[in-house]
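Chains B and G supply the protein sequences, listed in that same order.
Residue numbers for the first sequence follow my numbering, beginning at 1 and rising by one.
Residue numbers for the second sequence follow my numbering, beginning at 1 and rising by one.
Accuracy of the hints is not assured; some may be wrong.
Unchecked claim - Result set (DSBU-like, lysine-lysine): computed pairs, CA atoms no more than 30 angstroms apart in a straight line: (1) B:K134 / B:K96; (2) G:K189 / B:K100; (3) G:K189 / B:K134; (4) B:K134 / G:K192; (5) B:K204 / G:K189; (6) B:K96 / G:K192.
Unchecked claim - Computed beta-carbon distance windows for the label pairs: (7) G:E27 / B:E262: 34 to 40 angstroms; (8) G:W351 / B:D188: 30 to 36 angstroms; (9) B:E122 / G:V22: 29 to 35 angstroms.
Rather than coming from a laboratory, the hints here were simulated on the basis of the structure.
What you are looking at is a predicted structure, and each value in this text was computed from that prediction instead of being measured.
Where is the CB? At the ideal position from N, CA and C, for every residue including glycine.
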Amino acid sequence: MATATHSEPPPAVLCRGLVKRYGDVVAVDGLDLDVRAGECFGLLGPNGAGKTTSIEIFEGLLRADGGTVRVLGETWGTPRDRALRQRLGIQLQETKLSDKATVVETLELFRSFYTHGRTVDEVIAQVGLEEKRKAWVVNLSGGQRQRLSLACALVNAPELLFLDEPTTGLDPQSRRQVWDLVEAFRADGGTVVLTTHYMDEAEKLCDRVAIVDHGRVIASGTPRELILSLGAEHVVEFTVDGGALAPGELAALPGVSQARAEAGGYALNVREPHVAVPALLEALARRGLPLARLTTHHATLEDLFMNLTGRTLRDE
Amino acid sequence: MSDRPHGLAASPLWQLTRQRVVTFLREPEAMFWVFAFPVLMALALGIAFRSQGPPRSRVGIEAGPAAPAIARALAGSGDLDVETLDPVAADAALRRGRIAVLVRPVAGGPPVFAYDPTRPETRLAYLATREALERAAGRRDVVGAAIDTRVRPGGRYIDFLIPGLIGLNLLGTGMWGIGFPVATARQQKLLKRLVATPMRRRDYLLALMLARMVWLALEVVAVLGFGMLVFGVAVRGSWAALVLVTFAGALAFSALGLLVASRARTIEAVSGWMNFVMLPMWLMSGTFFAAERFPAFMQPVVQALPLTVVNNGLRAIMNEGAGLAACAMPLAILVAWAVAAFACALAWFRWE
Numbered sequence: 001m002a003t004a005t006h007s008e009p010p011p012a013v014l015c016r017g018l019v020k021r022y023g024d025v026v027a028v029d030g031l032d033l034d035v036r037a038g039e040c041f042g043l044l045g046p047n048g049a050g051k052t053t054s055i056e057i058f059e060g061l062l063r064a065d066g067g068t069v070r071v072l073g074e075t076w077g078t079p080r081d082r083a084l085r086q087r088l089g090i091q092l093q094e095t096k097l098s099d100k101a102t103v104v105e106t107l108e109l110f111r112s113f114y115t116h117g118r119t120v121d122e123v124i125a126q127v128g129l130e131e132k133r134k135a136w137v138v139n140l141s142g143g144q145r146q147r148l149s150l151a152c153a154l155v156n157a158p159e160l161l162f163l164d165e166p167t168t169g170l171d172p173q174s175r176r177q178v179w180d181l182v183e184a185f186r187a188d189g190g191t192v193v194l195t196t197h198y199m200d201e202a203e204k205l206c207d208r209v210a211i212v213d214h215g216r217v218i219a220s221g222t223p224r225e226l227i228l229s230l231g232a233e234h235v236v237e238f239t240v241d242g243g244a245l246a247p248g249e250l251a252a253l254p255g256v257s258q259a260r261a262e263a264g265g266y267a268l269n270v271r272e273p274h275v276a277v278p279a280l281l282e283a284l285a286r287r288g289l290p291l292a293r294l295t296t297h298h299a300t301l302e303d304l305f306m307n308l309t310g311r312t313l314r315d316e
Numbered sequence: 001m002s003d004r005p006h007g008l009a010a011s012p013l014w015q016l017t018r019q020r021v022v023t024f025l026r027e028p029e030a031m032f033w034v035f036a037f038p039v040l041m042a043l044a045l046g047i048a049f050r051s052q053g054p055p056r057s058r059v060g061i062e063a064g065p066a067a068p069a070i071a072r073a074l075a076g077s078g079d080l081d082v083e084t085l086d087p088v089a090a091d092a093a094l095r096r097g098r099i100a101v102l103v104r105p106v107a108g109g110p111p112v113f114a115y116d117p118t119r120p121e122t123r124l125a126y127l128a129t130r131e132a133l134e135r136a137a138g139r140r141d142v143v144g145a146a147i148d149t150r151v152r153p154g155g156r157y158i159d160f161l162i163p164g165l166i167g168l169n170l171l172g173t174g175m176w177g178i179g180f181p182v183a184t185a186r187q188q189k190l191l192k193r194l195v196a197t198p199m200r201r202r203d204y205l206l207a208l209m210l211a212r213m214v215w216l217a218l219e220v221v222a223v224l225g226f227g228m229l230v231f232g233v234a235v236r237g238s239w240a241a242l243v244l245v246t247f248a249g250a251l252a253f254s255a256l257g258l259l260v261a262s263r264a265r266t267i268e269a270v271s272g273w274m275n276f277v278m279l280p281m282w283l284m285s286g287t288f289f290a291a292e293r294f295p296a297f298m299q300p301v302v303q304a305l306p307l308t309v310v311n312n313g314l315r316a317i318m319n320e321g322a323g324l325a326a327c328a329m330p331l332a333i334l335v336a337w338a339v340a341a342f343a344c345a346l347a348w349f350r351w352e
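I would like the entire structure built from these sequences, with the hints used as guidance.
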């Protein structure tokens, strides 16, 4: 399938109708997506949504049961697989590198697999592990290990970088360092596909996001578009002491576009908080229900996921 | 963009082998099992079975009126340690094996000899006791004999044991030295990460075997050198044959290790399979006693086991002075094991 013009590069990843089953369990159920060259694309969804299975099929590590996948214009399972691997950087979820190899030894090993790339010293400097060059992997902190793992993925100066849950389990400072590395890679023209169940990570790093649930894409677009699709930019969450409220009644309040009952309280999608909040307080006062808690925040992808599925991203 | 590194640094096979060697060097426990353990075992067994001159048999005499006469008759023999015991104590001593044979005097008749005829040492004690009594009673030898008791070179137990320990060590390090890192790498998803690179899979498997060969020379030298220095064990045959047999043995065992580890997902699973494969060789391959003691119908199996081939090959070279030509058959069997196991391992290997 040639692209329309020669100047336009093929999509970094093109995926149509992807299906993967494990016995009776359907892990990926007709997933479609396109990742454009040069963008950072996020697969956002709860654990078990099929994100890792999908990305490992893109990486050529798992075989699909159905559908089409093209990576940098190539399909897997041809004599060109090794050539394609030369162009990819891959970080798996939870790989343990050899405990008693040093940082520099680990990177020299990975560098030797590639014909092109950067020097080991350049990559060590890039991920900020100069002082840990001679340290054994087992003696690195969680954040340092994650940066080493990222360095292994960057050592061949890949065109396309796959990151599976790159910051899960990291402290805030280490997450920030990983984000900086991903953004620097982007700035050099690289393409990134990442999975995450952190909405803030998706909003910070990704140009476009596909929200995945039960092995399908349930919404996709830029984080901004997705949030706007809620029809409201703010979310008001509150709890009352005793008594029940009908979501329909709440949705009719001025400035409120949608309302739903949540665990222990209610959430309102709100266009204009300065109108909606006084109206809400008045309505509660009329009913004689005392307010136990009230918070407002800007709408996030988490709210969108909640709206679409009725669950939070971190729930099973 | 920078250029590819030069020379060895650019070779995946070199890098994989180097990583395996240096990470192993950094595991003190592993080093102990490869080098110190077999040497300690040789030392312990060498001391336990050291040559102590002709063995003496312990003989008990049941107390009674005729006992002193029998004790006097036996005292003339240099091969016996004699003691007189009351009937209860004598029974207990025989049962516990503290005495090998019990002489029970019978009034007006020949004494009764009580012993276990199925054990060589008790049978020997019976014969020596019987002979001493007959001689004391005046029996004369009719045939006569000249005696030659020089120890033949290579005929001591330690000469038998050291080649067996070398073989056993090749088996253990070959199997564990491959099976363990493979199972660990698979469990920790390191294998999967490597497969995500353009690494050639055969380089990975080859590097495991190459790294294992680095230790081969050192571990053989440790055990053999120890045996030569401390116990005077010698290599009477061809050194080239010795090198070839240990090398082919190490190849066969590491290929078996690769095969055993080719599908196991966990360390526990691989440990179980390792023991399953090694146990028959521990028992039947003649490390501590001659494999020929197993009955004839088992011999085709016993003799085909790679450890039997290595042990018997090394004993022929070290103790019987065998040369290269005599090792052709053992080498062929070992190479066949290596090739078959490696081919199966390659076909079945689970990379995820």
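Results of checking the hints against the structure:
1. B:K134 / B:K96: holds (18 angstroms)
2. G:K189 / B:K100: holds (16 angstroms)
3. G:K189 / B:K134: Answer holds: K189 (chain G) to K134 (chain B) is near 23 angstroms, not above 30 angstroms.
4. B:K134 / G:K192: Status holds; Cα separation ~25 angstroms.
5. B:K204 / G:K189: holds (29 angstroms)
6. B:K96 / G:K192: holds (10 angstroms)
7. G:E27 / B:E262: 34 to 40 angstroms: Violated: the Cβ-Cβ distance is about 53 angstroms, outside 34 to 40 angstroms.
8. G:W351 / B:D188: 30 to 36 angstroms: Check passed, 31 angstroms falls within 30 to 36 angstroms.
9. B:E122 / G:V22: 29 to 35 angstroms: For E122 (chain B) and V22 (chain G) the Cβ distance comes to about 23 angstroms; the hint is violated.
Checked against the numbered hints above, the structure violates hints 7, 9; every other hint is satisfied.
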